[in-house]
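FYI, the numbering for the sequence shown is 793 to 1080, going by the numbering used here.
Please note: incorrect hints may appear among the correct ones.
Claimed, not checked - Okay, derived cross-link-like pairs now, DSBU-like style, lysine-lysine, Cα gap no bigger than 35 Å in a straight line:
hint : residue 1 : residue 2
1    : 922       : 1053
2    : 903       : 822
3    : 822       : 887
4    : 928       : 880
5    : 928       : 903
6    : 928       : 887
7    : 880       : 822
8    : 822       : 864
9    : 864       : 844
10   : 903       : 887
11   : 928       : 822
12   : 928       : 864
Stated by the list, open to error - Using C-beta positions, here's what the derived DEER-type ranges look like:
hint : residue 1 : residue 2 : range
13   : 1043      : 909       : 45 to 51 Å
14   : 1042      : 905       : 41 to 47 Å
15   : 1047      : 900       : 39 to 45 Å
16   : 1075      : 815       : 20 to 26 Å
17   : 974       : 888       : 33 to 39 Å
18   : 924       : 810       : 47 to 53 Å
19   : 919       : 883       : 20 to 26 Å
20   : 834       : 1047      : 30 to 36 Å
21   : 864       : 921       : 15 to 21 Å
22   : 1072      : 922       : 45 to 51 Å
23   : 884       : 924       : 47 to 53 Å
24   : 1045      : 1078      : 39 to 45 Å
25   : 1007      : 842       : 24 to 30 Å
26   : 842       : 919       : 37 to 43 Å
Rather than coming from a laboratory, the hints here were simulated on the basis of the structure.
Heads up, the beta-carbon is just placed ideally off N, CA and C, and yes, glycines get one too.
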Amino acid sequence: MIRRVSWLIAAWFVLHAQQSFEAASVRPSKGVIPWSYSGGPGTNDPGQITGKNVTRWDIIVRAYDVRPYQLKGAPSWLDSERYTIVAKVPHGASKADAREMMQTLLAARFKLAMHRETQEGRCYNLAVEKGGPRLKAGTGGESMERATIIPDGNGGLTVPDNALGRPVALAGKGLSAIAGGGTVLILGNSQPISALAHILSGMMDGPVRDATELTGLYGFSFDFAPPPGISGPQPGPAGDLLPGFTPAEPPLSIFQALREKLGLRLEIVRGPVEFIIIDNADRVPTGN
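Using the sequences and the hints, build the whole thing.
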């Protein structure tokens, strides 16, 4: 009996030691509004995280710092039903703290339970084509110049919000991916190829690993049609992604774009992949 009471007390302290937001609102999205996920530590609005028209899938990916392909056992509505989330972040919290707070919110409001497993799965090697790479050292290509990309003074880039009202999704300094009009546009400046592999991992059904053996910093710009089954925010209606930008016509696949624009290729291989297995998730969240 004493042992059981001790275990319950320990469990209570573990539960309440979890970091949580000062306040959080979770409400079903109403009407047609652009997808966005912004704010939190490291941004211009560190005290508040705001997700508009986001799915639980979007939130899980950010809370656990994983890629969409890593989620298994998720019901279809996890990536279809959309919410607006506003969460107040305590002063001084780090990015890791904010992720843990979002994990606490998912467990409390959606009763999310999950575990991790490493299994063999599909992977991609990003390699150099036989004709060699078509990359510019340091700076970007013609499309970036026509898109009026603005240097930020710190070796990175400032990219205007696109015509759909979605903020640019930064994957690292000087590297961004923008979706709209049935097109994905990737822009990079002074980036290692490993950073390109990292951002491509979020658009494929398996991790992308840098197998190019290229060690420099490069600039690149290319566009392609979203791969079938891509998760997360979907490209919106037709319209310019950036001022002066004209997408390829007809649209290239991601494989064609890498080959023709950058002289790189994606090779399908098998390898160990860590998966997030969803054990439970309530469809209806608890009240605010």
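Structure-based check of all given hints:
| no. | hint | verdict |
| --- | --- | --- |
| 1 | 922 x 1053 | 14 Å, holds |
| 2 | 903 x 822 | 23 Å, holds |
| 3 | 822 x 887 | 29 Å, holds |
| 4 | 928 x 880 | 42 Å, violated |
| 5 | 928 x 903 | 48 Å, violated |
| 6 | 928 x 887 | 33 Å, holds |
| 7 | 880 x 822 | 21 Å, holds |
| 8 | 822 x 864 | 28 Å, holds |
| 9 | 864 x 844 | 24 Å, holds |
| 10 | 903 x 887 | 23 Å, holds |
| 11 | 928 x 822 | 45 Å, violated |
| 12 | 928 x 864 | 39 Å, violated |
| 13 | 1043 x 909: 45 to 51 Å | 36 Å, violated |
| 14 | 1042 x 905: 41 to 47 Å | 45 Å, holds |
| 15 | 1047 x 900: 39 to 45 Å | 42 Å, holds |
| 16 | 1075 x 815: 20 to 26 Å | 24 Å, holds |
| 17 | 974 x 888: 33 to 39 Å | 36 Å, holds |
| 18 | 924 x 810: 47 to 53 Å | 51 Å, holds |
| 19 | 919 x 883: 20 to 26 Å | 46 Å, violated |
| 20 | 834 x 1047: 30 to 36 Å | 33 Å, holds |
| 21 | 864 x 921: 15 to 21 Å | 33 Å, violated |
| 22 | 1072 x 922: 45 to 51 Å | 49 Å, holds |
| 23 | 884 x 924: 47 to 53 Å | 49 Å, holds |
| 24 | 1045 x 1078: 39 to 45 Å | 43 Å, holds |
| 25 | 1007 x 842: 24 to 30 Å | 39 Å, violated |
| 26 | 842 x 919: 37 to 43 Å | 39 Å, holds |
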